[in-house]
Amino acid sequence: MNLLAFINDKRVRDWFYQIAVVVLLVGLTVFFVRNASENMLKAGIASGFGFLWRTSGIEVPFVLTGYTQADNILALFWVGVANTMLVTVIAIVLATLLGFVVGIARLSSIWLVSAIAGAYIEFVRNIPLLFFVLFWYFGVIAALPAPRQSLSVFGVAFLNNRGLTIPLPDGMENLRIAGWIILACVLAYAAFHLWARKRQERTGLHAPTLRVGLVLLLAIPLLTLAWAVLATRWDVPALRGFNYRGGFVVIPEFVALLAALVTYTAGFIAEIVRGGIQSVSHGQIEAGSALGLRSGQVLRLVTIPQALRVMIPPLTNQYLNVLKNSSFGAAIAYPDVVSLFMGSALNNTGQAIEIIAMTLAVYLVIGLAVSALMNWYNARIALVTR
Amino acid sequence: MSGRASFSSLSLWRERLFGTPFTGFVTVVLLLAIGWVAVPLIRWALIDATWRGTTRADCAAGGACWVFIRARFGQFMYGLYPVDQRWRVDIAGIAFVLGIAAVVLAPQRLRLKLGLAMLVVLPPLGIWLLSGGFGLRYVETREWGGLMLTLFISIYASLIAIPLGILFALGRQSELRVIRLISVIFIEFWRGVPIIAVIFLASLLLPLIMPGGIDIDRLARAVIGLGFVIAAYMAEAVRGGLQALPKGQREAATALGLTYWKATGLIVLPQALRISLPAMTNEFIALIKNTTLVLVVSILDLLGIAQASLADPNWVGMNMEAYAFSGAIYWLICFALSRWSRSLESRRRL
Amino acid sequence: MTIRTSVAAALLVAGASLAQAQQLAPSPTLDAVKARGNLECGVHLGLPGFSFANDKGEWSGLDVDYCKALAAAVLGDANKVKYTPTSVQQRWPILQSGQVDVLSRNSTITFSRNATLGLNFQGINFYEGQTFIVRKSANVKDAEGLDGASVCVAAGSTEEKNAADWFRERNLKVTITNFQKNDDAIAAYDAGRCDAYTAGVGALAGQRIKLKNPDEHMILTKPISNDPQGPVTRWGDERWQLIVRWVLNGTIAAEMLGVTSKNVDEMKANSKNSEVRRLLGAEGGFGEMMGLSNDWMYNAIKQVGNYGESYERNVGMGSPLKLERGQNQLWTKGGVLFTPPFQ
Chain F
1 MNLLAFINDK
11 RVRDWFYQIA
21 VVVLLVGLTV
31 FFVRNASENM
41 LKAGIASGFG
51 FLWRTSGIEV
61 PFVLTGYTQA
71 DNILALFWVG
81 VANTMLVTVI
91 AIVLATLLGF
101 VVGIARLSSI
111 WLVSAIAGAY
121 IEFVRNIPLL
131 FFVLFWYFGV
141 IAALPAPRQS
151 LSVFGVAFLN
161 NRGLTIPLPD
171 GMENLRIAGW
181 IILACVLAYA
191 AFHLWARKRQ
201 ERTGLHAPTL
211 RVGLVLLLAI
221 PLLTLAWAVL
231 ATRWDVPALR
241 GFNYRGGFVV
251 IPEFVALLAA
261 LVTYTAGFIA
271 EIVRGGIQSV
281 SHGQIEAGSA
291 LGLRSGQVLR
301 LVTIPQALRV
311 MIPPLTNQYL
321 NVLKNSSFGA
331 AIAYPDVVSL
341 FMGSALNNTG
351 QAIEIIAMTL
361 AVYLVIGLAV
371 SALMNWYNAR
381 IALVTR
Chain P
1 MSGRASFSSL
11 SLWRERLFGT
21 PFTGFVTVVL
31 LLAIGWVAVP
41 LIRWALIDAT
51 WRGTTRADCA
61 AGGACWVFIR
71 ARFGQFMYGL
81 YPVDQRWRVD
91 IAGIAFVLGI
101 AAVVLAPQRL
111 RLKLGLAMLV
121 VLPPLGIWLL
131 SGGFGLRYVE
141 TREWGGLMLT
151 LFISIYASLI
161 AIPLGILFAL
171 GRQSELRVIR
181 LISVIFIEFW
191 RGVPIIAVIF
201 LASLLLPLIM
211 PGGIDIDRLA
221 RAVIGLGFVI
231 AAYMAEAVRG
241 GLQALPKGQR
251 EAATALGLTY
261 WKATGLIVLP
271 QALRISLPAM
281 TNEFIALIKN
291 TTLVLVVSIL
301 DLLGIAQASL
311 ADPNWVGMNM
321 EAYAFSGAIY
331 WLICFALSRW
341 SRSLESRRRL
Chain D
1 MTIRTSVAAA
11 LLVAGASLAQ
21 AQQLAPSPTL
31 DAVKARGNLE
41 CGVHLGLPGF
51 SFANDKGEWS
61 GLDVDYCKAL
71 AAAVLGDANK
81 VKYTPTSVQQ
91 RWPILQSGQV
101 DVLSRNSTIT
111 FSRNATLGLN
121 FQGINFYEGQ
131 TFIVRKSANV
141 KDAEGLDGAS
151 VCVAAGSTEE
161 KNAADWFRER
171 NLKVTITNFQ
181 KNDDAIAAYD
191 AGRCDAYTAG
201 VGALAGQRIK
211 LKNPDEHMIL
221 TKPISNDPQG
231 PVTRWGDERW
241 QLIVRWVLNG
251 TIAAEMLGVT
261 SKNVDEMKAN
271 SKNSEVRRLL
281 GAEGGFGEMM
291 GLSNDWMYNA
301 IKQVGNYGES
311 YERNVGMGSP
321 LKLERGQNQL
331 WTKGGVLFTP
341 PFQ
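Protein chains in written order, with full-length UniProt numbering: chain F, 1 to 386; chain P, 1 to 350; chain D, 1 to 343.
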């Protein structure tokens, strides 16, 4: 009798189900891991992370970390991680810009503008990303001239089908000083902006934000930068033999992958922007114009801040997609973490499990960071109901 | 009458394109830009193109060589599937189309039963027709390829993904803390990793974690890997539907004395799934596009077979033709599906 | 019959069966191949001359011919092979996890592969030397002339590391771009992304026919490395390794002994040379020692031909690749191709 009541108790049952699921999961895991270790032992495959300290011997054409082929495989891993993050961050910024442009164009009152934006969105969204990557890659290479016919940018940077060669500074001191000065300017401006807003809320007085901004964010940084650039000795690339020597080369693989990610993701962001803007009720816009705001101001001050609230969660998803999609670089030899680590390193060491686990961890960690950042931003701009 | 109608539509177009001087200016500039892009493209694809012939030598320079597509059409559709057995693929395709059409067109009250029946009958039928056995000649999966393989992977991966996705969406909404935690981890893990890595993972890891002697087919591994990833995305799509459903629905069902599974199966899920169908269709589109990644494990789907055909020394330099043709097929399929998904959504809104 | 004799007879029988059992260690791979009725062979995705599938899905090439010879030796029919095309990345895992019985995919023998990947190389069917293909217009005569060039290569191959080491040792600066597949790398080279594409001489000869204008390119003659290539098996199953090794040796021995697909019947019936007779199963019972039928090599040579025939047909003068025999000539004729005797 008691037992029956015990069995029928909802809490008891809930616990029972949960324990059963956990036992099942643990059992499966143990089963798989045991199989794997047995199979690997039988096949004579080495295991453990010792391979990370072996010399890599792999030459990488696009290095941000100072790696050379004499370094170990762990250093190679970091090269891949850095390259993945570089292309992801730049692609996110540019895709957001292009996406906003296309999304707003989609809502344009000029029919043809809206039609072209619509056609672009429909085209982009329904074709696999791999096509974009291949198209841009072979398109970029075909469009650019051979090294001897390079396009010269003021005689210091050179564009050809081996990439964009830009000068590198010989020493970093002056540039570092300039960097600190610029950072100080930005912080000063931020402080000023906060103070100005507080004061405006309190007293209704407008501060000369624009003028101060021009000085702090444009004039001083430009002057410092000009001084730093002139005071530094530059390693200017020069044509010798097959290609330009010296300087830093932005490889076409990077450009192609970036272009593919931006044009593809922009199609999705445009739809998010359109949906976000349309979600803002018309009354808001009318009220804005009634207050005497011009249409650009209405868009900037009324529509977009409200639309952003709707847009942030789907935008976050798109940013995470950019991160994951940067792995398509493996198809065109962009040295990202998949291509370098899951490609070259895996082949040289054969330690598939360790390498795949580390690669997946990279994406999960960066992905969590991006999500956290976007959640923080979302909380900041969320509607505060007083 | 008709004269006036055409006059009014003409004036409508004039209003649209040249309503104000500024509009007119923008329109002209854009039209010029379109012409600048489209004219060479159309010349290449249609006017200067070669349509008839049998070899590369038949193709005129400067235009597209569609002869290549004609010569390879069978491979683009069926891969290396034996020519005398291709009728089986056709029948399987027709069976799927008819089955889905029957479910969509059936009267409302029969739809669920019919749908479940099709779910039980069609997938095994498809596998039997394609791979053989029971009187049909065996055709190994390594001979499959092309569009047929793209569709096969998409459909069978979603057969794994949809039930799993529903389960994990429910798990994420569950009151049981452990189950909720497991669901969240599952969903976020698979959503957080690139598909190219998952396919690689599945093809390497699945044979390793199975007890010795059990061999999982190469294609099956890719399908399982894709199925798990898409399950996580499907779970999020279903969660949207579950969250959109008023809480009162489940509470009312529970108040009527229904158990969790009965309330879920009879009241909550049918409504939630209807709401999430457009989102799920979008995930299916994403899945079709992502099947292109199976080429990292040397499975030749539509894009893979297009690339493989480029290596033929007799047909050098057919890149544009191969990519344009296969890209157009992907576009048509995905565009049709996205239109359908949008019409579903707008019907629901009304 | 006394008790003693019957005990002796029983001992004899037991001893004989013990001897039999010792001679034939269990070979799960051979049993699986026989039960399946076909050989699972891992090959290159598509490298004309070595392994290439035409538009009907029929495979041909030097590496493919080895698979065929092995199938003929084991199953008596050279056509009972299933080919698994593999990329550079996939080849080891596919072999390690038992998806193929043997890998015959222009793979270079190296120490670390042998020591850490659980793989054994069973001999050499092609001495490859790494070199470069360049545009004739670039006016390059040898690899030293590539200073400053961009070089396309397949990631994870021995070529990738070889090239990096070779240029570094000579203080030459080249940019190496690593692609996931050979086909991607050669396509990028053809599109003008790189000044050179590097691979073995044989592989380059095969890849060259895929270029848009093969005549505008040339292959540098002096190799920068020594890349012996041959069939690979996984660790374990010694008897299977024995079979894989000696089928390869058999095709080389056949060329040395003058046995061809044309004269193999006549040689088997009439040859006085006892090595020929042992090779073709006319005496010695060599096949049975490995658990095969005695006409194993007879089948392989009858159906596929000896090494020289296979070479000429696939990569030699009778093929579009037109490669000289070079190092791949028999050691008696100035090459380094060698086989231990069939004794």
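Hints may contain errors.
[What the hints assert, rightly or not] Here are the computed lysine-lysine pairs in the DSS-like style, where the Cα-Cα straight-line distance is at most 30 Å:
id, chain 1, residue 1, chain 2, residue 2
1, D, 322, D, 222
2, D, 212, D, 262
3, D, 222, D, 136
4, D, 322, D, 262
5, D, 136, D, 212
6, D, 222, F, 42
7, D, 173, F, 42
8, P, 262, F, 10
9, F, 198, P, 247
10, D, 56, D, 262
11, D, 56, D, 212
12, D, 333, F, 42
13, D, 322, D, 82
14, D, 272, D, 212
[Stated by the list, open to error] If you want the footprint, here are the derived chain D segments under chain P, 3+ residues with CB under 8 Å:
id, stretch
15, 33–44
16, 150–164
17, 208–220
[As the list claims (entries may be wrong)] Computed beta-carbon distance windows for the label pairs:
id, chain 1, residue 1, chain 2, residue 2, range
18, F, 90, P, 61, 35 to 41 Å
19, P, 240, F, 278, 17 to 23 Å
20, P, 102, D, 214, 53 to 59 Å
21, F, 278, P, 57, 31 to 37 Å
22, F, 90, D, 35, 26 to 32 Å
23, D, 139, F, 46, 42 to 48 Å
24, P, 57, D, 269, 20 to 26 Å
25, F, 284, P, 112, 49 to 55 Å
26, P, 115, D, 214, 54 to 60 Å
Source of the hints: derived by calculation from the structure; they are not laboratory data.
Quick caveat: nothing in here was measured; it's all calculated off a predicted structure.
The beta carbon of each residue, even a glycine, is placed where N, CA and C say it ideally should be.
Outcome of the hint check:
Between residue 322 of chain D and residue 222 of chain D the CA atoms are separated by roughly 17 Å; this keeps the pair inside 30 Å, and the hint holds. For the hint pairing residue 212 of chain D with residue 262 of chain D, the CA-to-CA distance comes to about 38 Å; that exceeds 30 Å, so the pair is violated. At roughly 16 Å between alpha-carbon atoms, residue 222 of chain D and residue 136 of chain D fall within 30 Å of each other, so this suggested pair holds. Among the hinted pairs, residue 322 of chain D with residue 262 of chain D is consistent with the structure: their alpha-carbon atoms are about 23 Å apart, no more than 30 Å.
Note on residue 136 of chain D and residue 212 of chain D: the hinted pairing holds, with a Cα-Cα distance of about 14 Å set against a maximum of 30 Å. Restraint check for residue 222 of chain D and residue 42 of chain F: not satisfied, since their Cα atoms lie roughly 41 Å apart, outside the 30 Å limit. With a CA separation close to 43 Å, the supplied pair residue 173 of chain D and residue 42 of chain F exceeds the 30 Å bound. At roughly 16 Å between alpha-carbon atoms, residue 262 of chain P and residue 10 of chain F fall within 30 Å of each other, so this suggested pair holds.
Between residue 198 of chain F and residue 247 of chain P the alpha-carbon distance is near 43 Å, which puts this suggested pair outside the 30 Å criterion. The straight-line distance between the Cα atoms of residue 56 of chain D and residue 262 of chain D is roughly 27 Å, inside the 30 Å bound, and the hint therefore holds. For a cut-off of 30 Å, the pair hint linking residue 56 of chain D to residue 212 of chain D stands: about 23 Å separates their Cα positions. Of the supplied pair hints, the one linking residue 333 of chain D and residue 42 of chain F is violated, its CA atoms being roughly 42 Å apart against a limit of 30 Å.
Restraint check for residue 322 of chain D and residue 82 of chain D: satisfied, since their Cα atoms lie roughly 28 Å apart, inside the 30 Å limit. Between residue 272 of chain D and residue 212 of chain D, the direct Cα distance comes to roughly 53 Å. Violation of the 30 Å bound is thereby established for this hinted pair. Residue count for the stretch 33–44 of chain D with a Cβ under 8 Å from a Cβ of chain P: 0. That is fewer than the three needed, and the coverage hint is violated. Counting residues of the stretch 150–164 of chain D whose CB falls under 8 Å from any CB of chain P gives 0; the rule of at least 3 is not met.
Chain P is given as covering the stretch 208–220 of chain D, and this holds because 4 residues of the stretch bring a CB closer than 8 Å to a CB of that chain, at least three being needed. At about 39 Å, the beta-carbon gap between residue 90 of chain F and residue 61 of chain P stays in the expected band of 35 to 41 Å. Checked against the given bound of 17 to 23 Å, the beta carbons of residue 240 of chain P and residue 278 of chain F, roughly 19 Å apart, stay inside it. The beta-carbon spacing between residue 102 of chain P and residue 214 of chain D, approximately 55 Å, falls within the hinted interval of 53 to 59 Å.
The beta-carbon spacing between residue 278 of chain F and residue 57 of chain P, approximately 55 Å, falls outside the hinted interval of 31 to 37 Å. Separation of residue 90 of chain F from residue 35 of chain D is about 56 Å and departs from the stated range, judged on CB atoms against 26 to 32 Å. Remark: the range hint 42 to 48 Å for residue 139 of chain D to residue 46 of chain F is upheld by a beta-carbon distance near 46 Å. In this structure the supplied range 20 to 26 Å is violated for residue 57 of chain P paired with residue 269 of chain D, their Cβ-Cβ distance being about 49 Å.
Hint check: residue 284 of chain F to residue 112 of chain P, Cβ distance near 43 Å, so the stated range 49 to 55 Å is violated. Taking 54 to 60 Å as the suggested C-beta distance range, the pair residue 115 of chain P and residue 214 of chain D conforms, at roughly 56 Å.
Checked against the numbered hints given earlier, this structure breaks hints 2, 6, 7, 9, 12, 14, 15, 16, 21, 22, 24, 25; the rest are met.
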